[in-house]
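Throw the hints in and build the complete structure from the sequences for me.
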Amino acid sequence: HPLAGHEALTTMTALVLLGALLLVAPPSVSSLSSPSRPLVGSNPLRGTGRFFLDTADVAEWDALLPLGVFHGVTTNPTLLERAGVPCDVESVTALARRALEGADEFMCQAWGESAEEMYERGMELSEADRARIVIKVPVTQEGTKAASRLVRSGVRVCLTACYASNQALVAAGVGAEYLAPYLGRMTDAGKDGAAECLKMHKIARGMGSDCRILVASIRTVDSMAELSAGGGLDTYTFSPDVARALFDEPLTEKAARDFEEAAARGAVEKTMMKAEASTSRVPL
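In terms of the numbering used here, the sequence shown is residues 1 to 284.
Treat the hints as calculated values from the structure; they're not laboratory data. Wrong hints could be hidden among the right ones.
[Unchecked claim] Dumping the calculated DSS-like pairs for lysine-lysine here, alpha-carbon to alpha-carbon at most 27 Å:
#, residue 1, residue 2
1, K202, K191
2, K145, K199
3, K199, K254
4, K254, K274
Treat the numbers as computed from the prediction; the structure is a model and nothing was measured.
Spelled out as structure tokens, the structure:
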């Protein structure tokens, strides 16, 4: 039928045009940088918790990220300075790409005295991979203005340098994904740092916010264990020294050595038994 032939031709033309558009259209930045490996957080047995390694030292990443317990890496201008990394967009972007080879998220801090400067810097820093780069800004008035614009622009945000539980109201209100209180520094300032962190968690949940309380400035492994056991906190960033302290248990080390020694004795015994059996089969 002529009409049926016309419809078939129209459909074929539309499919050809669609295919051409798909070939010409450039892929998104996120699709270009998405990892081929499975995400660390894709393992359901890990639960909802997230650990971050708080350093810009690539050698420490190489040593500790293979443990497989870290969701991501956190940095700031101070950590960049310690690691000898220039605090400029090009250097931090290169660092982000390197970190995301072995982690699911990379956090870096936008710098600038005004909200406009921090916003522009945040947009530049996150451009390489908006899905996995989180921009940190201080929970000041200017920082919060920048955070608000970044969130509306589709950038993931962490409000940082948090010292008071009422700042959780700001984080929830602005739609930040993370709020980073400084546990150790709050305690140094005479506050009950643990209580402040737990209250932040309750405030965020009370406001119906999914904002994660990313506890920072952690001095001991026990402080994390207590916050998780006593208040349901599950997101932490800590230094390489604290990361190594997670494995500092002499009794476990002794048990591991005992197992290895038993395995070695068993291997020697089996070798001796084989040798004896072989000797007994030799004709006189």
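Would you pick out the hints that fail for this structure and give their numbers low to high?
3 and 4
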